[in-house]
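Student: Residues in the sequence shown are numbered from 390 upward in steps of one, following my numbering.
Mixed in with the good hints, there may be bad ones.
[Stated by the list, open to error] Derived DMTMM-like pairs: lysine to aspartate or glutamate, alpha-carbon spacing no greater than 25 Å straight-line:
{"id": "1", "residue 1": "K632", "residue 2": "E571"}
{"id": "2", "residue 1": "K595", "residue 2": "D504"}
{"id": "3", "residue 1": "K671", "residue 2": "E603"}
[To be verified] Pair ranges (Cβ atoms, derived):
{"id": "4", "residue 1": "Q463", "residue 2": "K632", "range": "51 to 57 Å"}
{"id": "5", "residue 1": "Q669", "residue 2": "V435", "range": "38 to 44 Å"}
{"id": "6", "residue 1": "M628", "residue 2": "F575", "range": "16 to 22 Å"}
{"id": "7", "residue 1": "S509", "residue 2": "G587", "range": "18 to 24 Å"}
{"id": "8", "residue 1": "F575", "residue 2": "G426", "range": "23 to 29 Å"}
{"id": "9", "residue 1": "G459", "residue 2": "N412", "range": "50 to 56 Å"}
{"id": "10", "residue 1": "F637", "residue 2": "Q463", "range": "44 to 50 Å"}
{"id": "11", "residue 1": "L643", "residue 2": "N458", "range": "37 to 43 Å"}
{"id": "12", "residue 1": "M628", "residue 2": "M572", "range": "19 to 25 Å"}
{"id": "13", "residue 1": "F639", "residue 2": "Y594", "range": "28 to 34 Å"}
These are computed hints drawn from the structure, not numbers from a lab.
We treat Cβ as the ideally placed atom computed from N, Cα and C, and that holds for glycine.
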Amino acid sequence: MALQQHLQAFNISPVEERRLCLNGTPWIWHLLEECVGNAWEYWSVVIGLISIVCFLFAALPQLYVAYQNGKVDQALSLGFLLCWIAGDLTSLIGCYLTNQLPIQIITAIFYIYMDIIMISQFAYYKLKNQKGTKCGVNLKNCCITWILLCIVLCMILPSQLLLRSQVQNIFRKNERSRDIIEMSGFICGYVSCVFYLGSRIPQLYKNFQRRSTEGTSYLLFALAMMGNCTYGLSLVLKMPATKYLICFYFWHHLPWLIGSFGVLFLDIFITVQFIIYRKQKKKRASLVALEVEPLLINEDF
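The whole structure should be built from the sequences, with the hints applied where relevant.
Tutor: This is the structure we're talking about:
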């Protein structure tokens with residue numbers, strides 16, 4: 390009985406027991422194959438779905454701003470985008486191998502799709518604004534390779550998610566293999582933390598270097614903050630009621646808690662940059678207006 394509670398706390402109940410969910414919420418079971426038996430677990434799933442919506446729409450304002458000015462390569466840091474997608478990829482692998490909550494795996498897949506769109510747009514405008522022919526050809530080849538890899542990735546991820554239960558059932562028979570796989574998953578989880586936390590540093594530096602946030606949409610970071618906040622909250626609400634299981638649950642989800650709340654903290658610094666640099670821009674605009682006004686008065690005389 391204790392082992393069963395332990396497995397359910399980590400959402401790693403045996404496949405045979407997950408075929409039926411008599412006391413759970415039907416729509417959650419059919420959508421996510423997650424058996425939700427109380428109000429806390431229910432709101433954990435709902436808030437997790439809200440986090441997906443936040444991240445799904447986070448890229449749209451930035452894509453629109455980049456489409457308007459065509460200078461996304463000057464506004465966003467390439468290191469920021471590459472670290473972001475590296476963090477999402479390692480997070481997905483870690484979630485898959487350690488059998489995290491279904492909402493975490495689905496969220497990670499949505500993250501990757503969003504990253505693909507943003508990096509593809511960045512590469513497009515980088516190529517378009519590139520003056521050197523040789524560099525342009527090389528970048529064009531990189532873009533073609535990247536698009537092909539993305540297409541393959543988009544085809545593989547959903548199919549692997551569908552085969553998840555079968556793979557887990559195979560490796561559950563071999564205790565040693567399961568331990569190695571779980572350890573690899575946790576390593577990927579902590580690596581994703583490093584990428585997530587490191588992703589904001591290039592963008593913070595680029596904003597500081599330019600003394601401007603022009604060309605970047607604050608809604609990208611605002612929605613990312615909302616997404617990380619709701620993502621972390623959904624994990625917290627899922628914590629088991631039994632005290633001795635809370636510790637196990639906490640360590641099992643620790644890399645993803647650090648990733649969500651850690652990035653949320655760093656995005657506060659980016660928010661401060663937006664406030665400071667916009668105030669400075671308004672001051673410069675008002676000074677220019679004051680300098681131009683006397684000249685216009687003299688011309689009238």
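Student: Does each hint hold? Answer for all of them.
Tutor: Status of each hint after checking the structure:
A hinted pair counts as satisfied when its Cα atoms are at most 25 Å apart, and K632 with E571 qualifies at roughly 23 Å. Distance restraint check for K595 and D504: the Cα-Cα separation of roughly 19 Å lies within the 25 Å cut-off, and the hinted pair is therefore satisfied. A hinted pair counts as satisfied when its Cα atoms are at most 25 Å apart, and K671 with E603 qualifies at roughly 13 Å. The supplied range of 51 to 57 Å is met by Q463 and K632, whose beta-carbon atoms lie about 53 Å from each other.
In this structure the hint that Q669 and V435 lie 38 to 44 Å apart at CB holds, the actual value being about 41 Å. Taking the beta carbon of each, M628 and F575 are about 18 Å apart, inside 16 to 22 Å as hinted. A hinted range of 18 to 24 Å for the beta carbons of S509 and G587 is consistent with their spacing of about 22 Å. Look at F575 against G426: about 27 Å separates their beta carbons, and that is inside 23 to 29 Å.
As the Cβ distance of G459 to N412 is approximately 55 Å, the hint placing it in 50 to 56 Å holds. Here the CB-CB span from F637 to Q463 is close to 47 Å, well matched to the stated 44 to 50 Å. Judged by the Cβ atoms, the range 37 to 43 Å given for L643 and N458 holds: they are separated by roughly 40 Å. For the pair M628 and M572, the beta carbons lie near 23 Å from each other, so the given range of 19 to 25 Å is met.
In this structure the supplied range 28 to 34 Å holds for F639 paired with Y594, their Cβ-Cβ distance being about 33 Å.
Every hint, counting from the list given before, is met by this structure.
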